[in-house]
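Work out the full structure, taking the sequences as your base and the hints as a guide.
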Amino acid sequence: MAYWLMKSEPDVFSYDDLVRVKREGWDGVRNYQARNYMRVMKRGDLVVFYHSNATPPGVAGIAKIVKEAEPDPTQFDVSSKYFDPKSPLDNPRWDWVTVAPHQRLTFIELERLRAMKPLQSCQLLARGNRLSVMPLTTKEFSAIVKAGS
DNA sequence: GCCAACGTTGGC
DNA sequence: GCCAACGTTGGC
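Residues in the first sequence are numbered consecutively from 0, following numbering that gives the first Met the number 0.
In case anyone wonders, no lab produced these hints; they're calculated from the structure.
Computed from a predicted model, the values in this text were never measured in an experiment.
Careful: at least some of the hints might be erroneous.
Stated by the list, open to error - Using 30 Å as the maximum straight-line C-alpha spacing, the simulated BS3-like pairs for lysine-lysine come out as follows:
1. Lys21 / Lys145
2. Lys145 / Lys116
3. Lys41 / Lys145
4. Lys138 / Lys80
5. Lys80 / Lys41
6. Lys85 / Lys66
7. Lys116 / Lys80
8. Lys80 / Lys63
9. Lys138 / Lys21
10. Lys145 / Lys85
11. Lys63 / Lys21
12. Lys138 / Lys85
13. Lys63 / Lys41
14. Lys63 / Lys138
15. Lys145 / Lys80
16. Lys41 / Lys116
17. Lys21 / Lys80
18. Lys145 / Lys63
19. Lys85 / Lys116
20. Lys66 / Lys41
21. Lys66 / Lys80
22. Lys21 / Lys41
23. Lys138 / Lys66
Said to hold, decoys possible - Derived CB-CB ranges, DEER-like:
24. Pro117 / Ser79: 35 to 45 Å
25. Lys145 / Pro72: 35 to 45 Å
26. Leu88 / Lys145: 42 to 52 Å
All residues carry an ideal CB built from backbone N, CA and C; glycine is no exception.
Next comes the structure, spelled out in structure tokens:
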């Protein structure tokens, strides 16, 4: 099993929202590196659900992958802000995965994540990091779950 | 293929 | 709201 971290702005879609809707296609990823990570995610992989652009930012819970990558329908929806006129219908550029809630955590603020030893080399904490989907090591994942349990 | 301009992300 | 960092775009 693999572990991941995915960012969402809670004003747009929070961990609570995921609990409410039970499962959700992770739409709107428009970055190739993030997309490529989603393409290798497997059903059952666990995902740290991170609240970005929030006050404070931090980890809200754990989600799981319930459906593997498939074309993100919003890329073809002219009324969507994620519409991509350059994505060919016969060769969609962007994918999504479907996630479901797995375990709620006590909110772990970014400040606390920064202080955690096992996370020192995590991409999330790297200067200037903007990637919204990234892999985590088993050690990093366990440390986060432990901190929020 | 280079690179300046531009847009976006995300912490503060 | 500011701004540093970074990805993308487009002219050449």
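Hints, one by one, checked against the model:
1. A distance of roughly 24 Å separates the Cα atoms of Lys21 and Lys145; the hinted pair therefore holds under the 30 Å criterion.
2. Using a Cα cut-off of 30 Å, the hinted pair Lys145 and Lys116 holds, with the two alpha carbons roughly 13 Å apart.
3. Between Lys41 and Lys145, the direct Cα distance comes to roughly 23 Å. Compliance with the 30 Å bound is thereby established for this hinted pair.
4. Note on Lys138 and Lys80: the hinted pairing is violated, with a Cα-Cα distance of about 36 Å set against a maximum of 30 Å.
5. Of the supplied pair hints, the one linking Lys80 and Lys41 holds, its CA atoms being roughly 27 Å apart against a limit of 30 Å.
6. Proposed proximity of Lys85 and Lys66 is supported: the alpha carbons are some 26 Å apart, at most 30 Å.
7. Our distance criterion of 30 Å between C-alpha atoms is broken by Lys116 and Lys80, whose separation comes to about 39 Å.
8. With a CA separation close to 26 Å, the supplied pair Lys80 and Lys63 stays within the 30 Å bound.
9. Between Lys138 and Lys21 the alpha-carbon distance is near 27 Å, which keeps this suggested pair within the 30 Å criterion.
10. Pair hint Lys145 plus Lys85 does not hold up; C-alpha atoms about 43 Å apart against a cutoff of 30 Å.
11. Taking the CA atoms of Lys63 and Lys21, the gap is near 11 Å; set against the 30 Å cutoff, the hint holds.
12. A C-alpha spacing of about 39 Å is found between Lys138 and Lys85, which places the hinted pair above 30 Å, so the restraint is violated.
13. Straight-line distance between C-alpha atoms of Lys63 and Lys41 comes to about 10 Å, which keeps the hinted pair within the 30 Å bound.
14. Of the pairs offered as hints, the one joining Lys63 and Lys138 holds, with about 18 Å between alpha carbons and a cut-off of 30 Å not exceeded.
15. As the CA atoms of Lys145 and Lys80 are separated by approximately 37 Å, the hinted pair breaks the 30 Å bound.
16. For the hint linking Lys41 to Lys116, the alpha-carbon distance of about 28 Å falls within 30 Å, and the restraint holds.
17. Of the pairs offered as hints, the one joining Lys21 and Lys80 holds, with about 23 Å between alpha carbons and a cut-off of 30 Å not exceeded.
18. At most 30 Å may separate the alpha-carbon atoms for a hinted pair to count; Lys145 and Lys63 meet this at roughly 17 Å.
19. With a CA separation close to 43 Å, the supplied pair Lys85 and Lys116 exceeds the 30 Å bound.
20. A C-alpha spacing of about 8 Å is found between Lys66 and Lys41, which places the hinted pair at or below 30 Å, so the restraint holds.
21. Between Lys66 and Lys80, the direct Cα distance comes to roughly 23 Å. Compliance with the 30 Å bound is thereby established for this hinted pair.
22. Note on Lys21 and Lys41: the hinted pairing holds, with a Cα-Cα distance of about 18 Å set against a maximum of 30 Å.
23. Between the alpha carbons of Lys138 and Lys66 the distance comes to roughly 25 Å, so the proposed pair stays at or under 30 Å and holds.
24. As the Cβ distance of Pro117 to Ser79 is approximately 38 Å, the hint placing it in 35 to 45 Å holds.
25. Hint check: Lys145 to Pro72, Cβ distance near 37 Å, so the stated range 35 to 45 Å holds.
26. Separation of Leu88 from Lys145 is about 45 Å and conforms to the stated range, judged on CB atoms against 42 to 52 Å.
Violated hints, in rising order: 4, 7, 10, 12, 15, 19; the structure is consistent with all others.
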